[in-house]
Each structure stands twice: as C-alpha cells, then as structure tokens.
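Visitor: Let the hints inform the model, and build the full structure from the sequences given.
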Amino acid sequence: MEKTLDTKYTYTEKKDTRSGFGDGFLEVGRKNPNVVGLCADLIGSLKMGAFQKEFPDRFFQIGIAEANMMGIAAGLTIGGKIPFTGTFANFSTGRVYDQIRQSIAYSDKNVKICASHAGLTLGEDGATHQILEDVGMMKMLPHMTVINPCDYNQTKAATIAIADHEGPVYLRFGRPSWPIFTPVDQKFEIGKAWKMIEGTDVSIFATGHLVWEAVVAEAMLREEGISAEVINIHTIKPLDTEAILASVAKTGCAVSAEEHQLNGGLGDSIAQTLSRNQPAPLEMIGVDDSFGESGTPTDLLEKYGLNAENIVKAVKKAIARK
Amino acid sequence: MEKHSIAHLEDICSQVRRDIVRMVHGVQSGHPGASLGCTEFFVSLYFHQLNHNSDFNMDGTGEDIFFLSNGHISPVWYSVLARSGYFDPKELTTFRKINSRIQGHPATEENLPGIRIASGSLGQGLSVAIGAALAKRLNNDKGTVYALMGDGEQQEGQVWEAAMAAPHHKVDNLIATIDVNRQQIDGPTDLIMNLLDLKAKWEAFGWEVIETKKGNNITDVIAGLEKAKSLLGKGKPVLNLLHTEMGYGIDFMVGTHKWHGIAPSDEQLATALNQLEETLGDY
Numbered sequence: 379m380e381k382t383l384d385t386k387y388t389y390t391e392k393k394d395t396r397s398g399f400g401d402g403f404l405e406v407g408r409k410n411p412n413v414v415g416l417c418a419d420l421i422g423s424l425k426m427g428a429f430q431k432e433f434p435d436r437f438f439q440i441g442i443a444e445a446n447m448m449g450i451a452a453g454l455t456i457g458g459k460i461p462f463t464g465t466f467a468n469f470s471t472g473r474v475y476d477q478i479r480q481s482i483a484y485s486d487k488n489v490k491i492c493a494s495h496a497g498l499t500l501g502e503d504g505a506t507h508q509i510l511e512d513v514g515m516m517k518m519l520p521h522m523t524v525i526n527p528c529d530y531n532q533t534k535a536a537t538i539a540i541a542d543h544e545g546p547v548y549l550r551f552g553r554p555s556w557p558i559f560t561p562v563d564q565k566f567e568i569g570k571a572w573k574m575i576e577g578t579d580v581s582i583f584a585t586g587h588l589v590w591e592a593v594v595a596e597a598m599l600r601e602e603g604i605s606a607e608v609i610n611i612h613t614i615k616p617l618d619t620e621a622i623l624a625s626v627a628k629t630g631c632a633v634s635a636e637e638h639q640l641n642g643g644l645g646d647s648i649a650q651t652l653s654r655n656q657p658a659p660l661e662m663i664g665v666d667d668s669f670g671e672s673g674t675p676t677d678l679l680e681k682y683g684l685n686a687e688n689i690v691k692a693v694k695k696a697i698a699r700k
Numbered sequence: 018m019e020k021h022s023i024a025h026l027e028d029i030c031s032q033v034r035r036d037i038v039r040m041v042h043g044v045q046s047g048h049p050g051a052s053l054g055c056t057e058f059f060v061s062l063y064f065h066q067l068n069h070n071s072d073f074n075m076d077g078t079g080e081d082i083f084f085l086s087n088g089h090i091s092p093v094w095y096s097v098l099a100r101s102g103y104f105d106p107k108e109l110t111t112f113r114k115i116n117s118r119i120q121g122h123p124a125t126e127e128n129l130p131g132i133r134i135a136s137g138s139l140g141q142g143l144s145v146a147i148g149a150a151l152a153k154r155l156n157n158d159k160g161t162v163y164a165l166m167g168d169g170e171q172q173e174g175q176v177w178e179a180a181m182a183a184p185h186h187k188v189d190n191l192i193a194t195i196d197v198n199r200q201q202i203d204g205p206t207d208l209i210m211n212l213l214d215l216k217a218k219w220e221a222f223g224w225e226v227i228e229t230k231k232g233n234n235i236t237d238v239i240a241g242l243e244k245a246k247s248l249l250g251k252g253k254p255v256l257n258l259l260h261t262e263m264g265y266g267i268d269f270m271v272g273t274h275k276w277h278g279i280a281p282s283d284e285q286l287a288t289a290l291n292q293l294e295e296t297l298g299d300y
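Going down the list, the sequences are from chains A and B.
Per my numbering, residue 379 is the first one in the first sequence, and the count goes up by one each step.
Per my numbering, residue 18 is the first one in the second sequence, and the count goes up by one each step.
Derived by calculation from the structure, the hints in this document are not laboratory data.
Possibly wrong hints are sitting among the right ones.
Said to hold, decoys possible - In silico lysine-lysine, DSS-like type, Cα no more than 30 Å apart, as pairs:
1) 615/A / 570/A
2) 20/B / 107/B
3) 393/A / 409/A
4) 431/A / 159/B
5) 114/B / 517/A
6) 431/A / 253/B
7) 216/B / 431/A
8) 251/B / 409/A
9) 431/A / 187/B
Guide: Following this line, the structure appears as structure tokens:
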C-alpha cells in the first residue's frame with residue numbers, strides 16, 4: 379500500500395514523538411534562558427535528559443509528586459520563567475486536574491504541560507496508563523491551548539513554538555516509533571490547520587498519530603477513485619474552524635480520526651463546529667466509551683478501530699450519507 | 018517601607034476586623050472566623066515585614082511576595098491589601114458581588130492588584146510559593162517568598178509533597194506559616210482528622226520550624242516573622258507555626274468553628290462593631 383502514498387509524505391525513518399519533544403526542548407532551552415524543566419521521575423521516558431545535563435540549574439526533579447510539580451510550575455512563571463512539565467499524559471491531566479484548573483488555567487499561567495505516552499499506542503502497560511480522556515479534560519479549561527502533533531518533526535517544531543506562546547499549553551505526544559513524514563523545516567503555527575492533501579469527496583480531519591493513518595487511508599481511497607482531503611489538526615484548541623468549514627463546504631462530508639475517546643475529543647469539537655455552522659455528515663474514528671488494554675500499538679489500533687482501514691470504511695459511510 | 022508603631026498596627030487591626038465583618042455581613046456570605054484570627058498576621062506582614070510595592074507587578078521583581086493558600090480567608094487579605102494601598106478600600110463594598118474584582122476566593126482573572134494566583138481549592142499554595150522562590154533564586158532576586166496555609170489544610174496530600182520538595186531543593190528564601198487555630202468546618206481538627214505534632218512532622222521533613230505562641234499579639238507575631246527571616250539563607254525553608262484563635266476580636270465569634278463560613282445578622286454586626294474601634298474610617 380505504501381507504494382501508492384502521496385509522494386510528499388513517504389518516509390524513510392521512524393522515531394517516537396517524545397524524542398521530538400526532547401530534542402525540541404533542548405533547542406528551545408538553548409534559545410531562551412527563561413525556559414525551565416520539571417519532571418516527576420520520568421526523565422528518561424520524557425527524553426528530558428539532554429536538557430537536564432546542559433542546564434542543571436534550570437531543571438527540577440520533583441519526584442513522584444505530580445500535583446506539587448504543577449504548583450511549582452505555576453509559581454515559576456511568577457518571575458518570568460517558562461516551565462515545561464514532563465510526565466505521562468495520564469499523570470499530566472486526570473491526576474492533577476484540580477491543580478491545573480486553579481493554579482494554571484484559571485490563573486492563566488505560562489506553563490507548558492508536556493505529556494507523553496498518550497493514548498492506546500502506549501501499548502503493553504495497559505489501560506491504567508493509556509489515557510484517552512486527556513484532550514477532553516484539557517480542552518474544557520478556559521485559557522488552555524491543546525496541541526497533539528503527528529510525528530517527530532512536528533512534535534519538535536511544536537515544542538519550540540509553544541515557548542513563544544504566552545499562556546498555558548497542553549502538548550500531547552507518545553511512545554511508539556512512528557513514521558516521520560512531515561518536513562524537518564516546517565513552520566508550526568498554533569491554531570492553524572494544515573491541509574496536507576487536497577481532495578474533493580470527503581474531508582479527513584486527523585490529529586496525532588492518526589494523521590499518518592489518514593495519509594495511508596487517502597492512498598487507499600485514491601486507488602478506488604475516491605478523492606479525500608487530509609487535514610492535520612495539530613491544534614485541537616483553539617480549533618481552526620475556518621479551515622474545517624471551508625473544506626467541508628467543498629467536500630460535503632467529514633471523518634475525524636484521533637487516538638482518544640469519541641466523547642470529548644477532536645471529533646466532538648468538529649461535530650460542534652459543523653452542527654452550529656453548516657451541518658454535514660460526520661463519521662468519527664476514536665475509542666467508543668471503553669478503556670484500552672495491553673498489547674502492541676499496532677494490534678491495539680486495529681482492535682479498537684483506529685487504523686487506516688477503519689478510516690477508509692468511515693469515509694465510505696460519510697460519503698453515502700451525503 | 019515605613020515602619021509603624023505597635024499601637025498604630027493595633028489600630029489598623031481594629032479597622033481590618035471592622036472591614037471583615039462588614040464585608041461578610043454585606044453579602045451574607047464569606048469566611049469571617051479565620052480572617053479575624055489571622056488579622057494580626059496580615060497586618061504585621063503588609064505594614065511591617067514585607068518589602069513590597071503597592072504599585073503592583075505580577076512578577077514582584079526585587080520584592081517580597083506573599084501567597085495565600087487557604088483562599089477562603091480572603092476578607093482579611095482584601096482589607097489589608099486595600100488598607101496598604103493596592104486599591105481603594107471603597108471597592109471592598111463589591112466583595113462577592115457580580116461584576117466585581119473582589120471574588121469570593123482570591124483570583125487573578127479580574128486583575129485585582131496584589132493577587133498572583135487563584136486559591137480556594139486547598140493544598141496548592143505552598144507548591145506555588147516554592148516555584149516562585151525558585152524563580153527568585155534563578156533570577157538572583159533577593160526577595161523573600163511568604164505563604165500562609167490553614168491547619169485543617171494540612172490534611173491535603175499535596176502539602177506534604179511540597180513539604181518534601183522544598184528542603185530537597187534547598188529553598189531557603191521561603192517562609193511558610195500555618196494558622197494553627199485547631200478548628201475546621203466540621204469541628205475541632207483533633208476530632209475531624211488529628212494533626213498530632215505539626216512541629217515534629219515539619220522538622221522531620223527537613224524544615225526549620227519556629228512557633229509563634231501568641232498569634233493574636235502584634236509584638237509576638239512580628240517577633241516570629243523576624244525570627245523566621247533571620248533563619249533564611251541557610252539551606253533550609255522556614256516554617257512558622259502561628260497559634261491563633263478563630264474569630265479573635267469579637268466575643269461571640271472567638272474560639273469556635275461555628276463562624277468559619279457564616280455571616281453575622283444585622284444585630285450581630287452591630288454588637289461586633291461596638292467591640293471594634295473605627296480607626297481609619299469605614300469604607
């Protein structure tokens with residue numbers, strides 16, 4: 379199937395998105411002396427070691443105490459620091475929701491909550507760690523920006539971009555080795571959807587790891603004579619509603635794809651946007667009100683219906699409903 | 018910062034207590050009990066101890082800065098901020114009313130001068146204060162960071178995460194105070210969730226601990242704060258156990274948890290105001 383991929387988005391290398399974060403974090407640390415790091419005993423998993431080594435005075439090991447980490451991060455902003463917190467996505471959100479809500483979001487503090495191992499593709503650790511509700515929790519908070527980049531290069535670019543953005547940010551990325559299919563020199567514009575592939579029959583809005591599945595699905599659909607537009611929604615909040623509405627005005631139907639619960643995720647936001655502005659058929663790819671389980675990332679995406687084959691099926695359903 | 022005589026600070030306390038009961042009465046909601054109990058502490062802090070500038074800037078560069086973790090005692094903080102020049106005391110009339118900067122619990126959303134973080138959900142303020150103290154260290158800023166917590170608040174787990182972190186990171190530009198009034202909403206702390214020996218606990222976590230036995234006596238409160246300050250810069254954070262009486266200054270409110278979060282009636286207000294001299298003019 380990969381022979382038929384849009385040539386712009388073939389890949390030669392795979393890497394984890396968390397490494398994109400780690401490399402971007404080091405780069406932004408060199409650029410901006412106000413950037414500081416905090417970690418709750420997961421420096422290796424978050425790829426924060428290089429920053430810690432180069433800037434030991436600007437890095438704080440907080441131990442297994444995520445609530446305290448969020449509070450300390452909020453305090454560091456008072457004095458002009460730009461703290462990046464690092465832990466797994468479930469410990470970055472659900473475990474510390476009240477701390478984020480009061481000390482960071484409501485207080486509008488310039489904290490960057492950097493969350494790895496999000497979603498099913500965490501894999502073998504299973505459902506305790508596979509958070510699928512984090513985007514919903516974070517997007518509900520006023521002042522919060524929510525970003526879920528798709529590969530190593532985009533995650534690195536996003537990490538660098540958020541340091542220049544004033545205000546709280548939730549940056550979501552993951553653990554599996556994943557195709558690097560976006561350009562190394564891309565400009566990351568927060569809140570701006572990226573139309574990766576033009577099409578006329580359906581709009582596929584994907585975020586995170588599932589952008590790659592959407593690119594693969596587009597190639598499969600093209601072989602069947604279906605023209606899909608693939609839009610990379612790396613910023614879930616603020617949502618680029620203008621780009622979404624313009625695309626659906628052209629194609630007449632849509633599919634959303636994300637590694638998250640259907641409740642509260644990207645698809646939910648797109649459904650709101652369409653129903654409030656220009657109703658059109660929408661099919662949603664995501665986890666349907668269940669927890670995950672142990673397994674390989676590929677097996678899990680297949681079992682829970684989150685891969686390219688399922689996007690193809692959803693596209694056909696959406697087109698049939700036009 | 019101009020230093021005031023003890024007598025003048027006591028006069029300010031009387032006015033602050035009038036402000037507290039009038040604010041809470043005016044909207045028939047709010048938390049007078051520990052606000053009254055902490056009046057000497059707030060007055061000593063803002064009119065004696067802090068090197069601060071009422072021309073507010075969020076970062077507090079070069080200044081001492083204060084965080085209130087037990088945000089429900091906002092009436093005393095609002096009164097002291099207003100009386101020390103952060104905003105016009107007349108604005109206290111808007112406490113807890115719609116379209117006001119004087120929210121029920123402290124907030125930054127409406128840009129009220131003097132407030133650097135929202136508080137109300139308990140247990141978070143000490144962590145924030147540690148972060149601000151670390152920022153001062155990174156900025157080579159010699160200012161001190163102060164934080165106040167309640168004793169009931171010691172039941173929150175995050176407090177102990179913060180208690181562990183500050184000595185580990187050698188945060189020695191931080192003075193945390195606990196208002197030990199031994200009361201919480203449902204009754205005495207001993208019965209609700211016994212705190213046992215707070216001094217031994219905080220010492221075991223690696224803090225330099227001092228006690229202010231008479232937390233409603235200005236002279237003692239100032240002595241405690243100055244002692245705390247003298248212990249800074251030695252590799253350890255400092256904890257001040259401030260023993261107060263909830264409701265202090267008004268005979269029918271003192272020493273009970275019953276006035277934690279309820280407002281006086283018209284008649285009770287009149288009785289209370291009769292016990293408190295109007296020294297700076299009511300707002």
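Visitor: So, for every hint listed, does it hold in this structure?
Guide: How the hints compare with the structure:
no. : hint          : verdict
1   : 615/A / 570/A : holds (10 Å)
2   : 20/B / 107/B  : holds (25 Å)
3   : 393/A / 409/A : holds (24 Å)
4   : 431/A / 159/B : holds (27 Å)
5   : 114/B / 517/A : holds (29 Å)
6   : 431/A / 253/B : holds (25 Å)
7   : 216/B / 431/A : violated (37 Å)
8   : 251/B / 409/A : violated (33 Å)
9   : 431/A / 187/B : holds (20 Å)
The structure fails to meet hints 7 and 8 from the earlier list, while all remaining hints are met.
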